[in-house]
Amino acid sequence: KQEVTQIPAALSVPEGENLVLNCSFTDSAIYNLQWFRQDPGKGLTSLLLIQSSQREQTSGRLNASLDKSSGRSTLYIAASQPGDSATYLCAALYNFNKFYFGSGTKLNVKP
Amino acid sequence: NAGVTQTPKFRVLKTGQSMTLLCAQDMNHEYMYWYRQDPGMGLRLIHYSVGEGTTAKGEVPDGYNVSRLKKQNFLLGLESAAPSQTSVYFCASSSRDFSSTDTQYFGPGTRLTVL
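Those protein sequences? They're chains S and G, same order as listed. Our numbering puts the first residue of the first sequence at 21, with every later residue one more than the last. Our numbering puts the first residue of the second sequence at 197, with every later residue one more than the last.
Just so you know, these hints were derived from the structure itself, not from any lab. Fair warning: there could be bad hints in the mix.
[Stated by the list, open to error] Pairs of lysine to any residue residues, derived as SDA-like cross-links and limited to a Cα-Cα distance of at most 20 Å, are as follows: (1) K118/S with K253/G; (2) K88/S with Q71/S; (3) K130/S with A106/S; (4) K21/S with E255/G; (5) K62/S with G236/G; (6) K253/G with Q22/S; (7) K126/S with D234/G; (8) K126/S with R240/G; (9) K205/G with R292/G.
Excised from the complex, chain G in its bound form:
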C-alpha cells in the first residue's frame, strides 16, 4: 500500500514551458486535491476532484488545468509556466465520509522551479 505518490519529485522549467504533474493513490479514495505551498505560507487549494471525470476550481486555479480520467489518478498541468508558479506542489486524497475520523492523505510533494 503506497498511499499517495507524486511524480516527479523535482523539476526545473523555463518560462513558457509546459509540464504535467502526476498524482496516484491506491486507497480507492473518491476525493483528490492539488495544493501549492509557498515559503511562510500554508497550503492553498488549486483544484480538486470529487470523483472520476469531475474537477473543480479551488482557491488559486489560474494558470493550471487538471484531469481525473481514472479514479486513482489526478493530473495537474501547467500549459505555460511562469516564475510565479515556483512552489512545492502537494497532492492529497480522502474518502467521501468526513463524519468519520478520516482525513486527507498527502503525497511527498513536487518541488518545481520556473526560471
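If we strip away everything but chain S, and leave its shape as in the complex, we get:
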C-alpha cells in the first residue's frame, strides 16, 4: 500500500531563516510528486509539481527536489516570511487519477 509521510508535523522558525520540509513515500513508482499549501479553513493551492523524470523544480523562494530511488522529496523555503505560515502537504501520484497525501507540516514563521 502506498504511504506518504511528512516530517516534522509542525515547525516554528524566526523570519528570514531557510528551512526544509521532508516528504517520504513507500512506493517509488510515482507518476509525479506535488507540494501544496493549505491556509486555515481554505482549500489547497499547488506550489510545485515534479514529474517522475525530473529532479527538482523551482518557483521563486521555493525549491522542491525529488529522489525516487530513496523515496524522498524535500521542499526548501528560502528567507522565510510570516506570510509563508501555513500547512504544507505533499502528494504522490501513482497513476493518472489517484493522489496519496501526507498528513502535512504546519509551518509558523515568527516575525
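Given chain S's structure and the hints, the job is docking chain G onto it.
Coordinates of chain G only, in the frame set by chain S:
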C-alpha cells in the same frame, strides 16, 4: 472564471440524516474527485470520475455515493450520516493530460459535522 466551487460551506447533520454535497467546475476538466480531510491526516480519496457518466471508488468509499450527470458537476451523497463522517470534504478537478505541468484544482471545502 470561478474555478472549483463547493456547496454548502458548512453543514450540521444528525445521525441518520442524508445530504448531498455539490461540486462545480468551470474549467472544462474531465476528471473530478472527492476527498475527505480529518485532523492530523492528509486528504483521502473517496470517489472520483474520469468523465461524464462515470464514477469509481477511491480509498475510503464506504458510506458515500456519487454521480456525474454533467461534466461540470460532481455530487457526493451521504444516505445515512454517521458521526465518523464528520470531516472537511474537498472537491478537485483536473485535465486529462498529466504529462503537462497541470495539477488538481481544489475547491474551498465543506465542513460537515454529524451529531
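Of the hints given before, which are not true for this structure? 9
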